[in-house]
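A.B. asks: Could you build all of it, start to finish, from the sequences and the hints given here?
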Amino acid sequence: MKADLLPLSGISDALAAGEVSPEALLEASLERIRALDARLRAFLRLTEAEARTAAKASSQRRKSKKPLGPLDGVPVGLKDIFCMEGVETTCGSKILRGYVPPYDATVVRKLKQAGAVIVGKLNMDEFAMGSSTENSAFGPTMNPWDLSRTPGGSSGGSAAAVAARMVAGALGTDTGGSIRQPAAMVGCAGMKPTYGRVSRFGAIAFASSLDQVGPLAQDVRGVAYLLSAIAGHDPNDQTSSPRPVPDYAATLDKSVRGLRIGVPAEYFGEGLAPEVEKAVRAGVDKLRAQGCEIREISLPNSPHAIATYYIVATAEASSNLARYDGVRYGHRAKANQLLEMYEKTRAEGFGAEVKRRIMLGTYALSAGYYDAYYLRAQKVRALIRRDFDQAFAAVDAVLSPTSPTTAFRLGEKMDDPLAMYLNDVYTVPANLAGLPGISVPAGFDSKSLPIGLQLIGKPFEEETLLRIARAAEPAAQRAPPIVEGR
Amino acid sequence: MPVSDFEPVIGLEVHAQLLTRSKIFCGCPTRFGAPPNTQVCMVCLGLPGALPALNEAAVEMAIKAGKAFGCRIAERSIWARKNYFYPDLPKGYQISQYELPICSGGAVPVPGLGSIGLTRIHLEEDAGKNIHTESGSKVDLNRSGVPLIEIVGEPELRSAEDASEYLKALRLALIYLGINDGNLEEGSFRCDANVSVRRKGEKKLGTRVELKNINSFRFVRQAIEFEIARQVEAIESGAKVVQETRLFDNEKGVTRSMRSKEEANDYRYFPEPDLPPLRVSREWIDRVAVPRLPRQVADELAAAGVSQADARTIVADPRLVEVHRRVGGDPKRAALFVVGELARAVNENEVDLDELKFDPALVREVWKLQDAGTLSSTAAKDVLAELIRSGEAPQRIVERKGLSQVSDAGALEAVVDAVIARSPGEVEKYKGGKTALLGFFVGQAMKDLKGKGNPGALNALFKKKLG
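Listed in order, the protein sequences are those of chains U and Z. All residue numbers for the first sequence refer to the working numbering, where the first residue is 117 and numbers rise by one. All residue numbers for the second sequence refer to the working numbering, where the first residue is 19 and numbers rise by one.
Don't take every hint at face value.
Said to hold, decoys possible - From chain U, some residues computed to sit far from chain Z (all C-beta separations above 10 Å):
id, residue
1, Ala-132
2, Ser-137
3, Lys-179
4, Thr-205
5, Asp-353
6, Pro-360
7, Pro-419
Unchecked claim - SDA-like mimics (lysine to any residue), calculated; alpha carbons at most 20 Å apart, straight line:
id, chain 1, residue 1, chain 2, residue 2
8, Z, Lys-386, Z, Ala-398
9, U, Lys-495, Z, Pro-291
10, Z, Lys-147, U, Gln-453
11, U, Lys-394, U, Gly-559
12, Z, Lys-147, U, Ala-483
13, Z, Lys-100, U, Ser-325
14, U, Lys-450, Z, His-150
15, U, Lys-460, Z, Asp-106
16, U, Lys-450, Z, Ser-153
17, Z, Lys-279, U, Ala-483
18, Z, Lys-156, U, Lys-495
19, Z, Lys-156, U, Met-457
20, Z, Lys-186, Z, Lys-147
21, Z, Lys-156, U, Ser-325
22, U, Lys-495, Z, Lys-147
23, Z, Lys-386, Z, Val-433
As the list claims (entries may be wrong) - Computed Cβ-Cβ distance ranges for the label pairs, DEER-style:
id, chain 1, residue 1, chain 2, residue 2, range
24, U, Ala-498, Z, Glu-269, 50 to 56 Å
25, U, Ala-463, Z, Trp-302, 34 to 40 Å
26, U, Lys-460, Z, Glu-117, 56 to 62 Å
27, U, Arg-492, Z, Asp-23, 46 to 52 Å
Keep in mind that the hints were calculated from the coordinates and are not lab data. Idealized CB from N, CA, C, for every residue including glycine.
C.D. replies: Right, here's the structure in full:
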């Protein structure tokens, strides 16, 4: 097997053993992107020149046996939501086409400091609003397992690139499931850390109280490497936690015996595809077989999560997206008057889903409606959080499907926003409660489409969560046929 | 019914820029007057992905104001977003405080008015500035993110004059606290006024009008006076006062409607998710030292024997208070110097109080020379004036200008003897009873001494020798 087809941790081991050089890995990555991306459309742009410089520097460190860590020389991709100095960053939107940030997001700086080789920027739903990457102003990304299907979203480009072995790992953001759901759709691992675990500085905001940056990789160990590199306090993000960052990979292989796993009845109800349920239940059995204690639990307010989410997230988004007004950067429409400039700039620059959410959020915050919508949603959010607090008194993690179905067809849900929103029914509660969640591969359905299993952990207990995820993930995840040229 | 049958009700909202070195949510400098858009970064430009990081120095200054005015200081207050579109507002929202401000209650002491109550003081960020030129409108974001406190006064003012006095007292207090430079022209101290009128005896408040663009004490008086008259006239003519925001036109001295209540912005306030609640511990509040306010300083000066009028003059300018302190010695004598020689030099533009050329402590050297008889009182004034102008040491000024008077008994006696010797006729007349000739003798001696003789000593000597 070629080294670049290994999961991230395998690539890291090969680099450490000197079996492959960072330059060779980068070239293999670029070659695969050239071979596949015309069909997958995972990348919005490549950063070849920067990547070559980084790979060369990494090679020197590897040769002189002074690597910066397990990521030194590993090719990675960035969701186009992360600002990178000197590299166009669009957030999947026409309104930011041509926008070149003058600074690196904190996580980008940290990845560079860990020696990772950033290969390019990955497609996404515009402003991370969507569950299929079809809301990208630059066209959809295709699912590597079936080109007629979406890779999920909003971090669909990140997930597709990892699954198609174009990069060993990628960063995404997760506001309501935008890392975990696409990870499930393409059959890789993807984690949303605890709110505050990773700095959001330089990650373009969708909904500030829900957004969290996280890693995607083919294996849980790879996710752990990436998380160790990007986590930690950042004085530029005052919602980031000062808690020390453990070495997440160090405790991965510790036994899960005795850990208590809660299975919430509310996450196995109507709308869940039988094949998905079967695979997830098999995952439960797998953990039981390794000594985990399985408990039936209830999270009674979780069914209200989607409604709550679409008030809180849209309210914050309506404010966060106000800065795209054509005055300072990005798209500016031709107009003679100020108001006309605002209206035309935003009418031309934003896509339909973004406009829909700005309108929903503006409404929810308006005088006379604030109490009935925003304030009430915050109360329900507190109840959802309390449900988890109570559950975690009796269990160490909660297990559920990541998404009710496997990957759906391109265009299938584009005319039905509500059906699209329901994709996130199992992932949204962790965002509302600020909890860490991870999706790991849990087999395939009868159409050979990947199924994801979600684990939700206690706040800042990513170590335990990763350990359980490690025990739940398959020994090896096969690559999509497209990677083998089929 | 005349205006005198109506009672105006006025409340002021003041925005004061805090004198922090850097902005409230980023490290950019706050210096005024830099070339446009040179004091900006991703945070105060509102670039995608940027997040605010609170500058604690701004919080400390708000605490200082809160303590000085006796406000309740909240141990937990909440940042909020005020959403509206304007080119000088880079994020499309201003980070402010809404439901839970850092300070509430309290009062500002105003000479002649007692105390005027405060509703609240909250922290927020300033916006940039729109600049309209012939080639189009431009935006300067140097001011974006400069920390402000908004000081909301209770509607306890009853005339334009009172409003102006309140504003002056508030401005001076903030300057004393060292948290604002009180510069209305540069906009570091800005005021909006809420004005309504009601018939005397009426309990219910009238419809309120908000006045903007009143950036001088004179304009505050003019705008409020105009507005009171306008509202009374409206009521008298049977029309209604409409709730609206009006702009003061300082060239014509009138207020004009800017937007009605219906057109008012819905700011869609909600808690700022990028900042945790602002926590201010009891210890922190206790640690913040509050300098003395003008009233306390005036009381102290008066207690030290300074006249009420001089004390008022000095406290009106904290720089004068500082000079007075540095002169030291007898407070009353120091006060006379400050309101006398120093004030004169200021009026004649011979000194810049922001950049003193002299060490005020040297004033006492001049006094010493005067008290020892080395300097006449006229010469002492000259030396002080020169000291203020140049900062040169008093002793050197005296020497350079030859201002010291001869008081040495031996030297004077020789001159007196010489005058007596060459004026036998006058001596005879004097002895014959024409004592008015004493002036002639002293004048002769002064002439010999080139004006530097101590006149008192000469008088005494002549009397003794001729008596």
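A.B. asks: Take the hints in turn and mark each one as holding or not.
C.D. replies: Structure-based check of all given hints:
Listed as a non-interface residue, Ala-132 of chain U keeps its Cβ farther than 10 Å from every Cβ of chain Z; the least gap is roughly 33 Å. The claim that Ser-137 of chain U is not at the interface with chain Z holds, since no C-beta of that chain comes within 10 Å of its own (minimum 33 Å). Distance check for Lys-179 of chain U against chain Z: the nearest CB is about 35 Å away, which clears 10 Å, and the non-interface claim stands. With a least CB separation of 7 Å from chain Z, Thr-205 of chain U falls inside the 10 Å interface cut-off, contrary to its annotation.
Not every beta carbon of chain Z lies more than 10 Å from that of Asp-353 of chain U, the smallest distance being close to 5 Å; the non-interface claim is violated. Every CB of chain Z lies more than 10 Å from the CB of Pro-360 of chain U, the least distance being 19 Å, so the non-interface label holds. The beta carbon of Pro-419 of chain U sits about 24 Å from the closest Cβ of chain Z, which is more than 10 Å, so the claim that it is off the interface holds. A C-alpha spacing of about 10 Å is found between Lys-386 of chain Z and Ala-398 of chain Z, which places the hinted pair at or below 20 Å, so the restraint holds.
Between Lys-495 of chain U and Pro-291 of chain Z the alpha-carbon distance is near 16 Å, which keeps this suggested pair within the 20 Å criterion. For the hint linking Lys-147 of chain Z to Gln-453 of chain U, the alpha-carbon distance of about 18 Å falls within 20 Å, and the restraint holds. A threshold of 20 Å between alpha carbons decides the hint, and for Lys-394 of chain U with Gly-559 of chain U the separation of about 10 Å falls inside it, so the pair holds. A C-alpha spacing of about 28 Å is found between Lys-147 of chain Z and Ala-483 of chain U, which places the hinted pair above 20 Å, so the restraint is violated.
Taking the CA atoms of Lys-100 of chain Z and Ser-325 of chain U, the gap is near 17 Å; set against the 20 Å cutoff, the hint holds. Proximity of Lys-450 of chain U to His-150 of chain Z is assessed by CA-CA distance (about 19 Å); at most 20 Å being required, the pair is judged to hold. Using a Cα cut-off of 20 Å, the hinted pair Lys-460 of chain U and Asp-106 of chain Z holds, with the two alpha carbons roughly 19 Å apart. Taking the CA atoms of Lys-450 of chain U and Ser-153 of chain Z, the gap is about 16 Å. The hint holds against a cut of 20 Å.
Between Lys-279 of chain Z and Ala-483 of chain U the CA atoms are separated by roughly 13 Å; this keeps the pair inside 20 Å, and the hint holds. Taking the CA atoms of Lys-156 of chain Z and Lys-495 of chain U, the gap is near 43 Å; set against the 20 Å cutoff, the hint is violated. Between Lys-156 of chain Z and Met-457 of chain U, the direct Cα distance comes to roughly 14 Å. Compliance with the 20 Å bound is thereby established for this hinted pair. Distance restraint check for Lys-186 of chain Z and Lys-147 of chain Z: the Cα-Cα separation of roughly 25 Å exceeds the 20 Å cut-off, and the hinted pair is therefore not satisfied.
With a C-alpha separation of about 34 Å, the suggested pairing of Lys-156 of chain Z with Ser-325 of chain U is violated against the 20 Å cut-off. For a cut-off of 20 Å, the pair hint linking Lys-495 of chain U to Lys-147 of chain Z is broken: about 39 Å separates their Cα positions. A threshold of 20 Å between alpha carbons decides the hint, and for Lys-386 of chain Z with Val-433 of chain Z the separation of about 26 Å lies outside it, so the pair is violated. In this structure the supplied range 50 to 56 Å holds for Ala-498 of chain U paired with Glu-269 of chain Z, their Cβ-Cβ distance being about 55 Å.
About 48 Å separates the C-beta atoms of Ala-463 of chain U and Trp-302 of chain Z, a value inconsistent with the hinted range of 34 to 40 Å. One distance hint, 56 to 62 Å for the beta-carbon pair Lys-460 of chain U and Glu-117 of chain Z, is violated here, with the actual separation near 35 Å. A C-beta distance of roughly 49 Å is found between Arg-492 of chain U and Asp-23 of chain Z, which places it inside the suggested range of 46 to 52 Å.
Checked against the numbered hints given earlier, this structure breaks hints 4, 5, 12, 18, 20, 21, 22, 23, 25, 26; the rest are met.
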